[in-house]
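*Asks:* Under full-length UniProt numbering, think of the first position of the sequence shown as 1, with each following residue one higher.
Please note that a few of the clues may not be correct.
Claimed, not checked - Taking lysine-lysine pairs in the BS3-like style, the calculated list, with each CA pair at most 25 Å apart, reads:
| id | residue 1 | residue 2 |
| --- | --- | --- |
| 1 | K229 | K326 |
| 2 | K530 | K469 |
| 3 | K585 | K487 |
| 4 | K13 | K138 |
| 5 | K92 | K138 |
| 6 | K196 | K469 |
| 7 | K99 | K50 |
| 8 | K571 | K450 |
Stated by the list, open to error - Between beta-carbon pairs, the in silico distance windows are:
| id | residue 1 | residue 2 | range |
| --- | --- | --- | --- |
| 9 | S277 | G640 | 31 to 37 Å |
| 10 | D67 | P176 | 21 to 27 Å |
| 11 | S203 | H479 | 31 to 37 Å |
| 12 | L460 | D199 | 20 to 26 Å |
| 13 | Q586 | F327 | 41 to 47 Å |
| 14 | V246 | Q586 | 45 to 51 Å |
It should be emphasised that the hints constitute simulated quantities derived from the structure, not laboratory data. Ideal Cβ positions, reconstructed from N, Cα and C, are used throughout, including at glycine.
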Amino acid sequence: MVIGKIPGRIIRKNKAQYVGTIFLIFIAVVTYMALQLAMENITENYHDFKEKYYQESAHFSTLRPVDVSYFEKKYNLSIEERFQKDVEWQGKTLRIFSKSQRVNLPYLSRQEAGQVIYIDPLFLKANNLKIGDTITLKGKSYKIAGSLALPDYIYIIKNDSDLLNDPNEFGIAVLPTEEVKTLGLLPYHYYMVRGKITDEFVSELGASMSLLSLQKITENPRVYYVDAKLKGAKIMATQFPTLLLVVASVLLFTVLRRQIGTMQQEIGALFALGYTSGEVLRALFGFPFYLWLFGSVLGCAAGIGLAIPLAQFYAAYFNIPIISFKFLPQIIITGLLLPAAFIFPVTYLALRGMLKRPVLELIKGLEKGRFKKPLLKIGEKTNFLARMALKQGAINAARGIILIAGIAFATFLLTYGLAAKDSLEQLVKQSFKEVFNFQYQYLLAAPLEKLPVGAEDFTLIPGKISGTKVNAQIYGIKHGSQMVNLKDKGGVIKLGGGAIAISKPLAEKSGYEPGQQIVLETAAGGKKLKLDITAVAEITTGNYIFISQEDLNRLLGYPENYYNGLWSRQKLDISEDKLLASFDKQYLLKALENLAKPLQASVSIMGVVAVLFALAVIFVLTSLIIQENRRVISLLKILGWSNNEVNFMILGSNDLLFLLGFVLGIPLFYRLFAYLMASATKDIDFSFNMVVEPKTWGLVFGVLLLTWLFAKFLNQRKIAAIPPGEILKEQVD
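Model the full structure from these sequences, guided by the hints.
*Replies:* Okay, here's the thing in structure tokens:
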């Protein structure tokens with residue numbers, strides 16, 4: 001039908017209004033398609049990896065060897081001993097594991113026999129190592145045969161307490177068992193278990209084998225960090241594109257209502273010519289059809305193209321092997337149809353009222369551009385320019401609200417990216433600089449014969465809150481400790497008399513507050529301790545419980561001077577056969593520095609999206625206002641007003657809306673961030689408070705202001721292009 005060409009002709013005539021909406025749909029579909037395809041493939045590969053390579057159910061360490069066959073038969077488990085050793089290479093640390101056969105099988109990128117080693121891909125890339133190169137460890141050379149991934153070391157961190165992985169400084173590798181043994185044995189035995197871990201098994205193990213520690217897979221930060229991050233990423237993969245689609249739909253509704261309002265005489269003429277409501281409706285549905293076609297189809301194509309590199313990025317970040325990549329049809333179909341579910345109903349809402357009007361009323365046309373009486377009083381005491389600007393703002397109040405919301409959301413996007421680095425630095429500063437004053441931490445198999453000079457001893461016991469799955473590290477520290485500075489909002493925390501202090505993450509995850517009693521269950525032996533909480537320490541990382549060392553040793557039945565850990569500001573010379581693990585605080589600070597580069601890339605992407613989003617919203621709405629006021633603009637020019645003065649009268653009120661949008665974007669940022677972090681950190685033991693420095697707010701405002709000024713420049717050109725004779729031309733037409 002001829003009327004079917006109307007939408008295409010109008011869209012070509014008013015490109016600016018519709019291109020912005022198409023762009024928002026395109027961005028939403030690209031984001032949805034790329035994130036959903038990438039995350040679903042990563043999730044499927046992650047689950048396949050855990051199942052096909054026999055991820056452990058738990059691992060434990062003992063001082064004496066375990067009768068594996070006895071425990072396997074009695075508790076129907078698969079148990080395998082793993083040998084491991086930390087080896088220095090050019091100032092870096094490689095944790096070498098024996099190649100397991102039954103539990104936690106390594107995924108190897110390629111197989112090769114001989115004196116070969118497999119190293120995780122992040123360490124290879126960070127240290128410019130390639131497959132085929134030779135690496136020397138403790139005087140012996142090994143050929144790098146390929147890369148690897150381990151089901152229990154998916155997020156590769158050196159210590160359980162680390163938040164960030166640093167592939168420049170730490171990596172994992174696999175060698176045959178006999179080769180690992182030649183590197184030196186640890187003072188304990190390490191076992192991996194697959195099967196149901198019962199309390200009876202743990203109790204018998206603890207009673208007979210000098211159990212040092214037992215960690216279930218759900219308590220392993222190298223695994224549950226990945227679970228939590230994948231869960232958070234999947235939430236964002238759905239919510240963020242949906243929010244963009246909602247904004248695009250609101251803009252489309254605004255554009256179409258205005259467009260239909262100017263077409264009422266043409267629509268009335270179509271009815272007069274005999275076209276039915278259904279035929280007119282189908283013809284005008286060409287507006288959302290073209291927007292959906294260009295936005296969704298192009299967005300799907302681009303999203304599919306981005307999905308593979310995005311999946312590879314996530315796979316490399318988490319060290320998850322891509323066993324297979326599937327273009328899941330349900331996601332592609334959803335990505336195509338999701339915008340239609342928004343924009344077609346919105347179009348119907350915009351058309352419904354117009355189609356119900358009598359034909360004569362449509363042909364006659366509604367009165368337009370008349371100020372209602374209440375608006376006549378706006379700005380009465382100001383000059384004509386300001387009065388016109390205020391009245392234009394009042395007339396377009398609905399669009400002003402959309403503009404404010406768009407600027408506020410763009411403020412959130414831009415701030416979210418820029419503030420991430422500030423927040424990580426503050427998190428590390430609070431927990432590892434202001435609270436923990438030591439540089440090195442050492443965990444021992446047993447107390448040393450003599451305490452090293454400059455060291456402070458402590459007692460560390462892993463445990464959990466009884467009756468829950470919340471795990472915690474229980475630190476017994478000395479009175480007047482020089483290495484740990486515990487503070488709450490009221491000042492310095494004093495321990496003693498069985499009282500304890502807990503960290504902020506533990507308080508948030510467990511819901512405990514000062515004044516309550518908590519029951520703790522030790523990991524080794526399952527002994528229960530009833531303790532009174534006196535304070536929540538200002539520590540933002542880790543599920544920590546602090547108690548005086550004297551009280552902890554007494555409650556556990558240890559000697560008064562017992563300890564199993566040392567803190568020091570200087571590196572200590574401790575024999576390897578007495579050392580269980582060590583931690584250098586500098587490692588975390590280096591990890592933060594190395595995170596800056598990929599974080600900068602993320603910030604740049606968020607910044608570009610925020611700027612383009614803001615530009616699209618501003619340009620679509622202001623183009624609408626200019627299009628509606630072409631006759632007014634022409635008349636003002638005939639009356640002698642300059643282009644700058646006309647621009648101020650028509651769009652001047654938008655400057656106030658821009659400022660209001662930015663101001664409202666600040667509380668919006670904190671509220672949305674709190675919601676996102678509550679979801680993302682629900683299963684992670686740290687409390688993340690977004691910190692935005694004043695310079696960051698200044699930068700956000702500066703970027704948005706430049707975007708705003710650029711949009712104003714484009715609008716000034718559009719206003720300047722409207723000739724003074726436009727009103728006369730329309731009257732002749």
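*Asks:* For each hint given before, does the structure comply? Return the numbers of the non-compliant ones in rising order.
*Replies:* 4 and 9
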